[in-house]
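Asker: Sequence:
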Amino acid sequence: MKIAQLARDDDRLVRRYENDEGSTIVIDFGGDSADASVEVIDGTVLVVAGDEQYELEVPAQASDAQAFMKNGVLTIDLEASQ
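All you need for this note's numbering is the position in the sequence shown, starting with 1, plus 13.
Because the hints were derived from the structure by calculation, they are not lab data. Treat the hints with caution; some may be incorrect.
[Said to hold, decoys possible] Straight-line alpha carbon distances no greater than 20 angstroms define the calculated EDC-like cross-link-like pairs of lysine to aspartate or glutamate that follow:
hint, residue 1, residue 2
1, K83, D33
2, K83, D64
3, K83, D45
With the sequences and hints as input, model every part of the structure.
Answerer: Written out as structure tokens, the structure reads:
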């Protein structure tokens, strides 16, 4: 699933921030997803929120990805390849 597709579903707020070290993607799943879980496995960010599961591919140009969820807000930090 691409980020643009995820943003269209249920009108989620999605933001992407760029800097010299890489980029950060922030997606607000809403308060109902406060107990959602997230994990990065083999270049894919997996989010499980209730009965829903989302898969987001990490861009190929990212050398490393870390993701965490807090209060229904998913943050994905992507480190740029050197």
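Asker: Against each hint, give a clear statement of whether it holds in the structure.
Answerer: How the hints compare with the structure:
| no. | hint | verdict |
| --- | --- | --- |
| 1 | K83 with D33 | violated (25 angstroms) |
| 2 | K83 with D64 | holds (18 angstroms) |
| 3 | K83 with D45 | holds (12 angstroms) |
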